[in-house]
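Let the sequences and hints guide you as you build the complete structure.
The lines below spell out each chain.
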Amino acid sequence: MIEAVIAIAILAVGLLGIAALLAQLGGNSTLSRYMSTESLLASEKLDDLNRYPFNDPAIAVPNGVSAGSLTADSTNNTVTIGAVTEVVDYCDQVSISSGNGNMSETVSGTDANGNQQYTTTTHAPDGSINIVKSAAAPAQSSDMLTFSRRWTIELSPAGVPPGVRRFTVWVSQKNAVKPSSFQSSMLR
Amino acid sequence: MTKRDKKSESAVSAEAARAAQRRGFSLVELMVAMAVFMIVGGAAVSLVKKHVPLFTSQQNQTGMNISLRNAIAQMQIDVVNAGTGYYQGVNIPSWPIGITVINSAPGTGCFNAATQTYGPTCFDTLNVIAMDQNTPPSNPSDIGANCVSTTASSLFITPIGSTTLNQLAADFHSGDQVLLVKSDGSQMTTTILTSDGQITGGKVKLSHNPTGVAGVNSLANDPIALSNSADSNKLGEQFCNTDWVLKLAPITYSVDASDPTDPKLVRTQSGQSNVISEQVIGFKVGASIWNAATGTDNTYSFDPTSYNSDWSLIRSVRISLIGRAPSDPANNFRNTFDGGPYKIESVSVVINPRNLSMND
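Taken in sequence, the protein lines are chains A and B.
If you read the first sequence in this note's numbering, its first letter stands for residue 1, the second for the next number, and so on.
If you read the second sequence in this note's numbering, its first letter stands for residue 189, the second for the next number, and so on.
Treat the hints loosely; a few may be bogus.
Said to hold, decoys possible - To be clear about the criterion: a stretch of chain B counts as covered by chain A if any three or more of its residues have a C-beta under 8 Å from a C-beta of chain A, and this derived list gives those stretches:
1) 252-264
2) 327-340
3) 452-462
4) 503-511
Source of the hints: derived by calculation from the structure; they are not laboratory data.
Each residue gets a CB set at the ideal place from its N, CA and C atoms; glycine is no exception.
Below you can see the structure in the form of structure tokens.
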């Protein structure tokens, strides 16, 4: 009887291990999906930063200096280039939701006056697509995933030729049970 | 009791102990052990059985994710280079049109919720204007003292540099689309050839579909929509011997919904189509339009009439792609997008063609 109990105990421990492994596999698969989204959002932001003319306040930065931060949200920075002064954010948030029969993506930012603005692009199954700008964030829904993006802009950082800008974007899912982040850089 | 009797008694009890050891489990013990083993084993089998569809679902999702990411990556490579390849080294003006978009008008024929099928009106078409790098540029040939008009059905071209008439004529075939550009880049139009290039009187004759007045074409005569609207102020019909004739090799991204149960994202160039993603249920392309007055580009537009189809104003495009995994009707899961028994995934990306914003 004792031998049987021991055998069953060993078997139970093994089965519990398999169960834990399966659960972890599922979690990792979800995590990799989130990281895939993070990498896309990072490459999208890098491409977005790359389109600005070199003297645009959005990417202007003095030699050897870094603008923005990867560790904290950097907002409402007043940047003046010549006669142009703009309020620049070095971070935003992207919320993705497929609720209510639509696929929605909301990107936070600021308008020309420096006011908070949320741009929501809604894609419906019937092929229609709408873009709405509002001052208020969209209501949180159970299926909504929100990602934080932060970026830095460096001009002539150490190790790269003079005059070259380096954009670095960091993306992380907000309020995640299992946090993940993705970071990517581009030279221009 | 004698000594011999004592020895005999101990031998009997030892023998009994050995017999008890050899006896093993009783029937009751065996049944209890088997019952416990079956319960634990059943739980294990049940666990694995429940995980199999989950595993399959995750595999399908991963496949969909990879497929969408590959499609987006391919589009990024093509779109980011839009507007390049206008024969560097030859004195052809920088022509700031790299992209045209054909936005579908969503209608009732798009999505059928009962069958979860998608029709062609759900999807947009994206064209990346590119030149055929194997065909050298050439000049239109004046007719007497007059420039050629594309409203006629033929035009004559002359080769430049070391290109011979034979080589030039051999590069043009029926069905090819050519672009005509003024030498200062002020005007253009396009037309489709109706026969192969022919050498006539020291020139190459190109027979083509005549354009309308001012170089405007119907969508049938210009499937990439480069010259469908007269509003762009970039179209013209008169081209002279200092202007240019270029053979187009546009890249087109569209969704083939001929099988509404499996719409496919297709990349087409030079008549060759490749499916780059299956089960695509959303493909929309918005264009960010440059506003010279404010020095900014605006919110993405999904209606070219809002910017008079002036493709030279496009500064970036926003591509929204939605895919779905294989359906599993036996599963109770229903997605919240279109209510289908499958997982969906959306990828949207903003792409900025490099040389369409350099002079802003």
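Hint by hint, which ones does this structure get wrong, listed from lowest number up? 2 and 3
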